[in-house]
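These protein sequence lines are chains A and B, in that order. Numbers 1 to 256, taken from the working numbering, label the letters of the first sequence in order. Numbers 257 to 524, taken from the working numbering, label the letters of the second sequence in order.
Careful: at least some of the hints might be erroneous.
As the list claims (entries may be wrong) - No more than 35 Å apart at the CA atoms, straight line, and that leaves these computed lysine-lysine pairs for DSBU-like:
hint: 1; chain 1: A; residue 1: K64; chain 2: A; residue 2: K45
hint: 2; chain 1: B; residue 1: K259; chain 2: B; residue 2: K418
hint: 3; chain 1: B; residue 1: K366; chain 2: A; residue 2: K239
hint: 4; chain 1: A; residue 1: K228; chain 2: A; residue 2: K45
hint: 5; chain 1: B; residue 1: K382; chain 2: A; residue 2: K45
hint: 6; chain 1: B; residue 1: K289; chain 2: B; residue 2: K473
hint: 7; chain 1: A; residue 1: K64; chain 2: B; residue 2: K382
hint: 8; chain 1: B; residue 1: K473; chain 2: B; residue 2: K503
hint: 9; chain 1: A; residue 1: K239; chain 2: A; residue 2: K19
hint: 10; chain 1: B; residue 1: K486; chain 2: B; residue 2: K418
hint: 11; chain 1: B; residue 1: K418; chain 2: A; residue 2: K64
hint: 12; chain 1: A; residue 1: K252; chain 2: A; residue 2: K64
hint: 13; chain 1: B; residue 1: K503; chain 2: B; residue 2: K259
hint: 14; chain 1: B; residue 1: K418; chain 2: A; residue 2: K45
hint: 15; chain 1: B; residue 1: K259; chain 2: B; residue 2: K473
hint: 16; chain 1: A; residue 1: K239; chain 2: B; residue 2: K429
hint: 17; chain 1: B; residue 1: K289; chain 2: A; residue 2: K228
hint: 18; chain 1: B; residue 1: K473; chain 2: B; residue 2: K429
hint: 19; chain 1: B; residue 1: K289; chain 2: B; residue 2: K486
Bear in mind the hints are in silico, worked out from the structure with no lab data behind them. None of the values given here were measured: they were computed from a predicted structure.
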Amino acid sequence: MTSDANLDLLDNDPVFHLKGGMLAMTVVELVRQAPERFAMQLAEKVEQAPNFFQDTPVLISLEKLDDRLDIAGLIALLRICRDHGLLPVALRGPEDFRPLAQQASLVLLPPGRGREKVLEAPEPEAQAVAQQPAAAQKPGAAAQPAQGTPTRVITQPVRSGQQVYAPGGDLIVLAPVSAGSELLADGHIHVYGPLRGRALAGVRGDTQARIFCQSLEAELVSVAGQYKVAEDLRRQQWKEAVQISLDGDSLKIAAL
Amino acid sequence: MAKILVITSGKGGVGKTTTSAAIGTGLALRGYKTVIVDFDVGLRNLDLIMGCERRVVYDFVNLINGDSNLNQTLIKDKRSDNLYILPASQTRDKDALTLEGVQGVLDQLKETFDFIVCDSPAGIEKGAHLAMYFADEAIVVTNPEVSSVRDSDRMLGLLSSKSRRSEQGDRIKEHLLLTRYSPERVENGEMLSVSDVEDILSIPLLGVIPESQAVLKASNQGIPVIMDDKSDAGQAYSDAVERLLGKEVPHRFLEAQKKGLLKRLFGG
Ligand SMILES: Nc1ncnc2c1ncn2[C@@H]1O[C@H](COP(=O)(O)OP(=O)(O)OP(=O)(O)O)[C@@H](O)[C@H]1O
Ligand SMILES: [Mg+2]
Numbered sequence: 001m002t003s004d005a006n007l008d009l010l011d012n013d014p015v016f017h018l019k020g021g022m023l024a025m026t027v028v029e030l031v032r033q034a035p036e037r038f039a040m041q042l043a044e045k046v047e048q049a050p051n052f053f054q055d056t057p058v059l060i061s062l063e064k065l066d067d068r069l070d071i072a073g074l075i076a077l078l079r080i081c082r083d084h085g086l087l088p089v090a091l092r093g094p095e096d097f098r099p100l101a102q103q104a105s106l107v108l109l110p111p112g113r114g115r116e117k118v119l120e121a122p123e124p125e126a127q128a129v130a131q132q133p134a135a136a137q138k139p140g141a142a143a144q145p146a147q148g149t150p151t152r153v154i155t156q157p158v159r160s161g162q163q164v165y166a167p168g169g170d171l172i173v174l175a176p177v178s179a180g181s182e183l184l185a186d187g188h189i190h191v192y193g194p195l196r197g198r199a200l201a202g203v204r205g206d207t208q209a210r211i212f213c214q215s216l217e218a219e220l221v222s223v224a225g226q227y228k229v230a231e232d233l234r235r236q237q238w239k240e241a242v243q244i245s246l247d248g249d250s251l252k253i254a255a256l
Numbered sequence: 257m258a259k260i261l262v263i264t265s266g267k268g269g270v271g272k273t274t275t276s277a278a279i280g281t282g283l284a285l286r287g288y289k290t291v292i293v294d295f296d297v298g299l300r301n302l303d304l305i306m307g308c309e310r311r312v313v314y315d316f317v318n319l320i321n322g323d324s325n326l327n328q329t330l331i332k333d334k335r336s337d338n339l340y341i342l343p344a345s346q347t348r349d350k351d352a353l354t355l356e357g358v359q360g361v362l363d364q365l366k367e368t369f370d371f372i373v374c375d376s377p378a379g380i381e382k383g384a385h386l387a388m389y390f391a392d393e394a395i396v397v398t399n400p401e402v403s404s405v406r407d408s409d410r411m412l413g414l415l416s417s418k419s420r421r422s423e424q425g426d427r428i429k430e431h432l433l434l435t436r437y438s439p440e441r442v443e444n445g446e447m448l449s450v451s452d453v454e455d456i457l458s459i460p461l462l463g464v465i466p467e468s469q470a471v472l473k474a475s476n477q478g479i480p481v482i483m484d485d486k487s488d489a490g491q492a493y494s495d496a497v498e499r500l501l502g503k504e505v506p507h508r509f510l511e512a513q514k515k516g517l518l519k520r521l522f523g524g
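For reference, chain A alone in the conformation it holds in the complex (with noise of 0.2 Å):
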């Protein structure tokens, strides 16, 4: 062997992998530019769920803006959003932007085709007892502020078309979950039901988040990005009980 070919070998030896992920991201939908209001209601969405807002990879719609945004204005914006723990990673608009986000080292995105949903601030205390009767609740429970990660309890089915996000912490399903909804949880996704949209776990970016379910019949699962579909998922342990976490970077089906 001539240390040529050991070279060559070496050449071949794959230092990267090309993949394809999912991860679900927020947008920051601009809708006008006023840089010192921007900064105040910025403020005041982090006060109220500041784990959500930490070093969170955000990327800055551009489309609903009717004025025209300059370079200066453009960096006023970022600059905001990063003392705020936000890390702009693209921009997303038209075309015309292009030279703007080069000026700012930021990715170009295409117009977005409409998937997204508004999220709803996560209001502390207020998600776990949401789904409770009135009657209920403790009067006085929701005046203490929320605790470590706060984790969402769904207690009636999540129908076709629904959507429902546990930011920042766990979401806890104890109904169906019917074929076209779509589960998303920054932590793990439990089903104490059949699991039949879509579940995604760890959407930014945890790699430990994990699904249980007792029925795996879902459209779709991903932890952390890496998904896997029906068609792949029917091939084990379809509708039985199971967990799924990331092993390196593949999904792992074990039986509960």
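Chain A is fixed; fit chain B with the ligands onto it per the hints.
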């Protein structure tokens, strides 16, 4: 207390109007003062199935706009003194109905009627939303096929999130009505079974209406099929009305009529 009942589905042509006519008539025949309201503006259908299309003068939109009053607009059914129909407008478009307008009319109807049966248009848009928004109970009409079940599921999501009751932290009581059910086609694997549909939608089953010639015959004659008490569909609708009123009645017409091959061989 007046009860507002919406007959809804998401998908079109599954049997909402047939069901509205049958259930409304069934309630009236059992002594409850009932009005059936046609929310399908522009497609007026209910009056044909009820056989009162030749007596329509004013309609729902006239009533909302104040062109007519309740007495002038409601059509009394020929068969039951307890039954009235509020026809939809054929000439107006669906934007003629407003949330306030609908609320005003329903509030008036509540003063005289025990049951207000709302026949929803297809879809999940404005018309269907108006029909279900004020409901106390919903009958979700579903055919045993995947797309109909999926649309019903979607409608159930809207009932639990976009209705007045849901906004007040309350719930609409949900009933599943499986219509156009053909046990033979279920056995051949061409259709979903009752338990398949129950499993997906997970709401209580109000009834199973078999696919039946009697339905077409009845609607051609302008007589609600529930009046045809010899027919399987008529009997199945009567059972459903009993269940709606709280009685426990066993489900019928779930099995295929002819014996299957195995049964014939083993005499099962
Ligand atoms: N049990 C049944 N057996 C046979 N045919 C039926 C049955 N139920 C309904 N049909 C037929 O299906 C067709 C649609 O029924 P119907 O008009 O009640 O549906 P709908 O849901 O009100 O439709 P739309 O969405 O257009 O308002 C009609 O031709 C009717 O005769
Ligand atoms: Mg109809």
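Hints the structure fails to honour: Of the numbered hints given earlier, those the structure breaks are 3, 10, 12, 17, listed in rising order.
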